[in-house]
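In case you want the letters, here they are:
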Amino acid sequence: MTPPPATAAVDMMRPDTIPQDSQINRDVMSVTKGVSWQWGLMLGMALIGVAQAVFTLGYQTYVGLGVAGYQAPVFWGVYIINFVFWIGIGHAGTLISAILFLFRAKWRNAINRGAEAMTVFAVLTAALFPLIHIGRLWKFYFLIPYPNQRALWVNFKSPLLWDVFAINTYMLISIIFFFVGLIPDIAIARDRATGVKKFVYTILAGGWQGTGRQWKAHNRTVLHLAGLATPLVLSVHSVVSWDFAMSIVPGWHATIFAPYFVAGAIFGGFAMVIVVMIPVRRIFRLEAYITDYHFENMSRFILFTSLICGYAYGAEYFIAWYSGVEFEQTSFWLRVFGPYWLSTWFMISFNVIFPQLLWIKKLRTHVPFLFVLCVGINIGMWFERYVIIITSLSREYVPAAWGLYIPSVAELSILVGSFCWFSMFFLLFLKFLPIIAIAEMKELLIHDKAHAAAGHTQEAH
Amino acid sequence: MPTLVSVFDLPDDTALAIRKLKGRGFDEIESYAPAPFEQIDEAMDERPSKVRAFTLVGGLTGVFTGFLMQIWMSWEWPIKIAGKNFASIPPYVIIGFELTILFGGILTFLGLMLVGRLYPRPLDKAYSPRFSAEEFGVAVTVGERDVAEVDALLRSLSAKEVTLLDD
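Protein sequence lines correspond, in order, to chains C and G. For any residue, its number in our numbering is found by taking its place in the first sequence, counting from 1, and adding 14. For the second sequence, position 116 (counting from the first letter as 1) is numbered 111 according to our numbering, and the numbering increases by one without interruption.
Just chain C, with the same shape it has in the complex (with noise of 0.2 Å):
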């Protein structure tokens, strides 16, 4: 189907009547005021989440490691695959605010706001995974280069280290550009703000008036933040993956990494961005802006981004077999009739099988469907992740030194810990901040005014 010109777009965007004081100020503002007993509850219970993942987390860096499920070969277990996970839910915000921008594709200004506050959120989630991961917290200091007296230096040439590079710019820069874009609304949210919020707005603000030069130096730095972003944040992934890829660990020495993983983080990300987006459009009455033509768009993204998952999985059984190597020839059928033969058939079923059915118009724009459908895909991108570390750990070369792999019950506290975390950032965004960006749709809306306006004249004369 051919893409709907802009002023379509526009039009399915716009509330019925834009009165004088602009409707749109106050639609989406509205959501910012007033405190109901759900939101409580919901910041509540992740609180409470939060809360038993600390206490977990504090047991295990007093007792050490061993509370986690790791033992010989598997000392990579769900504190990774969390991370791979949730940098990966991260690049669909960035995809939309950046890669998106650069192609001008207007649809995007209204769901990029809540996009780009995911992709922070899981990029914060993402980043204590590593952490949590080596144990003893408190060396974390040693994965940075710093003059020391043992004149000892980092590895540079280890993909670990260029991870802790390629997420710490990643995270430094999608703050800067969500708040960057953030700073005209923040000066909507100052000019009807009174008290404290005036004042807190005010600072973030920064004085910011909408005059000539502003906007030219805005547009300007969102322009090369997008041009910035759109490399780092493919360079974000397959960094990740070389973290496997570089390893000589049948199952995980492959060419095809990078890509794959790219595809798959996007992937996963819209199928969040979905997860999160329905309900917040539906409990702050939305619907006038995130149009079910924005959650068609995001559907063809996932059935795109679905079918180079599926090249990439039968890519890889396919040189698996191909190469000869009984190793990954091994490595790979234990993957589909080995111990983790749930795990995988789980990827293949919610990653490749059943987003097909987004072939189907109809289901492409069937709001309750694609809630299911990407709740799925994110527990199939889970098991995409522990399918690719756990089963190809346990599986190496020699027969006896294989092993088996059960999470323990520390990771799934920290693992339901991270989703609570992830939430509470998010119920905390919707209460402060604009969940759309106003300025961008108001660029719209007042296009399309302008050519109604001229459309008038005309006709007049």
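Treat the hints as calculated values from the structure; they're not laboratory data. These numbers come from a predicted model, not from an experiment. Glycine residues also receive a C-beta, built at the ideal position from the N, C-alpha and C atoms. All the pointers check out, no bait thrown in.
Below 25 Å or equal to it, Euclidean Cα-Cα: the simulated SDA-like pairs (lysine to any residue) are:
| hint | chain 1 | residue 1 | chain 2 | residue 2 |
| --- | --- | --- | --- | --- |
| 1 | C | K211 | G | A128 |
| 2 | G | K75 | C | A259 |
| 3 | G | K79 | C | F156 |
| 4 | C | K47 | C | I292 |
| 5 | C | K463 | G | S153 |
| 6 | C | K120 | G | E37 |
| 7 | G | K79 | C | W266 |
| 8 | C | K463 | G | E33 |
| 9 | C | K153 | C | S427 |
| 10 | C | K153 | C | S422 |
| 11 | C | K463 | G | D4 |
| 12 | C | K153 | G | W72 |
| 13 | C | K376 | C | L300 |
| 14 | G | K17 | G | V142 |
| 15 | C | K211 | G | P124 |
| 16 | C | K375 | C | N392 |
| 17 | C | K120 | C | L317 |
| 18 | G | K45 | C | I189 |
| 19 | G | K17 | C | R227 |
| 20 | G | K45 | C | V194 |
| 21 | C | K212 | G | A128 |
| 22 | G | K79 | C | M260 |
| 23 | C | K47 | G | S123 |
| 24 | G | K79 | C | V263 |
| 25 | G | K155 | C | R40 |
| 26 | G | K79 | C | S261 |
| 27 | G | K79 | C | A272 |
| 28 | G | K79 | C | L157 |
| 29 | C | K463 | G | V157 |
| 30 | G | K155 | C | A468 |
| 31 | G | K79 | C | P159 |
| 32 | C | K445 | G | A128 |
| 33 | G | K120 | C | R227 |
| 34 | C | K120 | C | A240 |
| 35 | G | K75 | C | I158 |
| 36 | G | K15 | C | H461 |
From the structure, some residues in chain G lie toward chain C, with a derived Cβ separation under 8 Å:
| hint | residue |
| --- | --- |
| 37 | D7 |
| 38 | A30 |
| 39 | P86 |
| 40 | I96 |
On the provided structure of chain C, position chain G as indicated by the hints.
Only chain G this time, still in chain C's reference frame:
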């Protein structure tokens, strides 16, 4: 000197007003817009924003920092790893690249704050919350004797309102 603040509905009218005022020789003009519109920004100042220089400087600083840091640190405590050079360029490209992006991004943000004068400060007298709704504003500082003329000019250019600020 008195300042005239005019309010417009559409970006094209706003840009036209700015150009006309500039044509008449009034240089102390400020525009206020709820969303980015190129025609207004161009009318205010045709030169590209200086932010781009910040990105360039940041990116170059990053790439040099990245490579020099890695090469120097490898030589400072040389350890042979897997028979590779002490300072082996191909794997260093990755951190060099990441630091290019990091420094480029941070300096771009700094550029936005400096060029756009984004630091906590009192807002202009001419600014009003309606410019963060859906209306556009043009503030122009004129001499006492030009007030009437400019007022009439702005109204003829489809300004909805023109108010006089004295200071």
